[in-house]
Structures are given as C-alpha cells and as structure tokens.
Amino acid sequence: MINASLKQLSAALGAKQISAVELASLFLDRIEQRNPVLNAFVTVDRARTLEMAKGADARRAKGESGPLLGIPLAHKDIFCTEGWLTTCGSKMLANFVSPYDATVVEKFKQAGVVTLGKLNMDEFAMGSSNETSHFGPVKNPWDLNRVPGGSSGGSAASIAARLAPAVTGTDTGGSIRQPASLCGLTGLKPTYGVVSRYGMIAFASSLDQAGPMAKSAEDCALMLNAMAGFDVRDSTSLQRPTEDYTRDLDLPLKGLRIGLPREFFGAGMDDDVRAAVDAALAEYRKLGAVTVEIDLPNSGLSVPAYYVIAPAEASSNLSRFDGVRYGHRAADYGDLNDMYSKSRAEGFGAEVKRRILIGTYVLSHGYYDAYYLQAQKIRRLIANDFVEAFKVCDVIASPASPSVAFRFGEKSADPVQMYLSDIYTISTNLAGLPGMSLPCGFGNGGMPVGLQLIGSWFGEARMLNAAHQYQLATDWHTRMPPDAG
Amino acid sequence: MSLNLEEVTRIARLARIELSSTEADATREQLNGIFGFIEQLQSVDTKGIAPMSHAVDVVQRLREDKVSEADRRAAFQAVAPDVEAGLYLVPKVVE
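Chains as they are written, first to last, in this note's numbering: chain S, 3 to 487; chain G, 259 to 353.
This is chain S alone, in the form it adopts within the complex (with noise of 0.2 Å):
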C-alpha cells in the first residue's frame, strides 16, 4: 500500500478494499514510527485527520467518487490551514493557527483529501538544505548525514521515507525541484499564475509557485488537476480554461525535441550526476525523442538576479510580521519602533534576517535603480532566452542539482555556496515557466540524481508526457531508501 499510486489508492478505496480510516492510520503510524528520526513533519495531529478521515468515508458511502476522495496527503508549513499551527518554519509563527485555508487546501478539502500533517521547511521558505528552519533540519532518508534540500525538504523525505503517498510544496528559486531531486522524487513546478497564491505564505511573489511532489509523473498530474485553477482572492491567478493534466500522458515521445543548453552542461556538474544526466537523455533517444543543442547565454546571471529580486519581495513581504496582528512578539521593549524591532530580531532567523537586510537595502534610495532595476531588466534578458529555445525544442532538459544531497553544515556557513545550489532551478521561476524533477539514477554514496524538464510557458502536459513515458520505461522513480520498506 505505501508504494501505491494515486491511481491505486482510489481504486482501493472505491472497491472498499481499504477505508480513508484505515489509510489514513497506517501512513499516521508510519509518520509516528519514523518522525523522531527524519523531522519531516512539525505537526501532526491523530484525532483531526482521523476525523477528515470518517467524513471522506461518509462521502463515499453516500456514492460519491473522485479520484482524490479519502487519499492522505501533507502539506508544507507554509499553507494556511484553518486551526492547524502553521509554522512557515519559524519562531515567528510557531503559534500561529491558521483562521483560515489556503485555496489549495481548501481545493483539496473539497475533493475529500485527508490531511496528515504539516511538513517542515526551511524558514520562510529560505533555504536550500533544510538547516534554516526552526525546527531543526529534516534529514535525508537515503542518508541521515545529508540534507533533503529544500525548502520543501519535509515534503520531500515524506515522500521518500513512504510517510505520505503524495504532498504539496512550493517553489520559488527551486524549491519543489531541488529537493525533489536530492531525495529522489517527482516533483513540479507549475507556470506561474497556474496555481493560486492565496493562503500561501509570501516569500517572494512574482516567483512563489506551489505544486506537487510525488512518486511519479502521473501522480503529479492528478494532484496538479486539483490545484490548478483561476482564483479571484489572487490578483495574479490566471483566468485560463481548465486542463487536465493527465491528457498527454499516454502520448508517444517519436519527435519530441529536448534541448539541452550548453550553459547548463558546462562546468559546475559533479561526474556522477552528468552520468546519470546522459544516461536519461540516450534513453530518451531510445524512446524515440531528439536532443538539440540550444543556449541560454544569459542564465549564468540567474543567481545573482535572483539574490536581488527574491530578497526586495521578501523585504516587502515580511514587514508584515511586527510583533501585533500574529506572530511572535518580544517580552520587553520600549516604544513601538523598539517593539517592532526587536520581536523582528528574535522571530527571524539569520537567513532570514539575512535576505531582509539585502532587500532593504537593494530598495533603499539611491540603490534601486543599480541593483533592483537593473536586476529586473536581466531578468527580462533571461526569459527572452527561453523564448528563443522553445523556438526549436519542446522542453528542455538539464539536471536539478549540480550535486547529490550534500552533508549537513557542508554549505551553511557560506551563504554564496548554498544560493549555488540552485543553479538549474532559478531561472525557470524568473522566467514563470513551468519545471519538474524527476528521479534519473543514482550518485556518489549511493545518492539519488533528479533529472529537470521545463516546459514552455503552459506546457505542464507535455512535461507530464515526457517525464511519464521515461518512467514506464525505466524504473529509478519507485526505488526507496533501504529502511523506508
């Protein structure tokens, strides 16, 4: 049951072969068994999911059906879900219940989801290994002494550890994908606008992008039926036809053309992670798909671009949390300015804190128009690259991590090393093209390497076609660390 698809969990469910009950408690008691050591969930809470799991039960007695009615899945800390605590990852809200739900979650409340807990996440969303919650670090199931990545890493691990069949997470510079890949999962990053923003905690918003993360391709596709879709509380939800994400699936891959750019296979990859990398692509071949060559000359400014644009929202964002609607507020102080600042100093962590002071400051007068705008107009340059490849390709192909999961304290001590890390990822967000990560083999210390497709703008389904028809042929996406089983 716990390597299960979606698929045949429903089928289970609706052929009463197992009850909401019943899945849900073997997955609470797995999460039970092996939380203490993994840390990839921060709130868990029996009785609640329980109780979503009776009433998904008394839907489908009444004759209901869906393909996602009585299915367990977890969210990442940084959905609002309305009286479960909803963390982001920080002392900043580590009382914070939620009076209200994110319209993902709600969106999978209507379609009778159980959900079993919250994920852990680096704080805020900051972070790429994990290290930068408050909550301590989630570790990698593969390996104990790396890290999942992240920012989702407890989505991540839950996946990988068989904790849940499926969760959400998000992604802003890499965030679904790189920890996808560091854990060897499936996970997607949607076109900006595809998935609504509300009740989502902001990071960076013209790049914040939730989505699933699953075992396969196919699992992907179905949650994403569930998250997409036009939401009048975000006033950058696209109004935009329903799709149905699993339509293409099935389609033979004779014809696709993957590009593959040069910048991306340069230097900066770990061998093993090219070997695995261009055994996917022969296979690829194999199944009838054709490489060309494109480039994306302005993608070496990607991190630097981002490092300006993500931290400005963020700055803006995050001046939300003062110390007097929510969230943590100091014991002593003097005058308001002085409430402010120091409930600010203690409620955030040093990446956090770290990432406000470069947005303050790139904002500031004089700066803006050196950093900020100039930054704005190289992102410009870097979607106009994009544009240019999709002219002779269909997706586009690279890995998702330059390395395997790397050790903990093995990045955190320079900042610049961990920003590195999502080199694949980052222009994909800046860009507002959709990206996925599938798993493709495996590295040094026998750790998994993920493969990134991204799509052109919209192009999720022929993404999903892509990564589906590789895994049917290949079995990388159903392997799982050695103590999951």
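Since the hints were derived computationally from the structure, they do not count as laboratory data. In this text, all values refer to a predicted model and were calculated from it rather than measured experimentally. Among these hints, one or two may not hold up.
[Said to hold, decoys possible] Covered stretches of chain G, as calculated for chain S (at least 3 residues, CB under 8 Å):
hint, stretch
1, 285-292
2, 317-329
[Said to hold, decoys possible] List time: in silico SDA-like cross-link candidates among lysine to any residue, alpha-carbon distance up to 25 Å:
hint, chain 1, residue 1, chain 2, residue 2
3, S, K64, S, E108
4, G, K350, S, K64
5, S, K393, G, K350
[What the hints assert, rightly or not] Part of the chain S face toward chain G, derived, beta carbon under 8 Å:
hint, residue
6, S237
7, R331
8, A333
9, R346
10, G368
11, Y370
12, Q376
13, A377
14, Q378
15, A433
16, G434
Backbone N, C-alpha and C define an ideal beta-carbon position, used for all residues, glycine too.
Got chain S sorted already, so can you dock chain G onto it with the hints?
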C-alpha cells in the same frame, strides 16, 4: 562595493531588526560576500531593455464595489499578541 558598519546599522534600522554590535560585524561580512557576488550584474548592458517585474503580464482586475468578506474579527484577533475591545494594543505613540 563594500558596506561599512554604519551602513549595516542603517539598513537594519530601516528593516526594523535589532542587531547587536557583534551581530552587525558578522552580518557586514556576510552581506559583503553576497554583494560581491551580485556585483556582476553591473557589467551587463541593459540599455533599452524593459524591466520585468512579473513572470506573466497581467493587469489588475477590477471588481464591483461591494462587501465580499464576512466579519471574522474575533477569529483573526484570536491569534494577536495583545488585543482589547476589538483593538490591537501597542505601546503609546502619541503623548
């Protein structure tokens, strides 16, 4: 470019984040490392390029000017650090 201690303190004040003098020193070093990395953007020729502020070009939607939300003040204030009679309490700002 390189930030001095005074500038770090000024940014922290603008951001309303208290920094002790030892923290300010460590922060200065880290920020300078990051700004050194960001500096490469300066050498790119972007003449005539329109800034891209968002991933997708959308215009703000307008809606009818009518009440769309229910009053949930009690629920929202339940998570506030200090409230009284429906008001958020903060230190006195006007003498």
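Hints the structure fails to honour: 4, 5, 8, 10, 11
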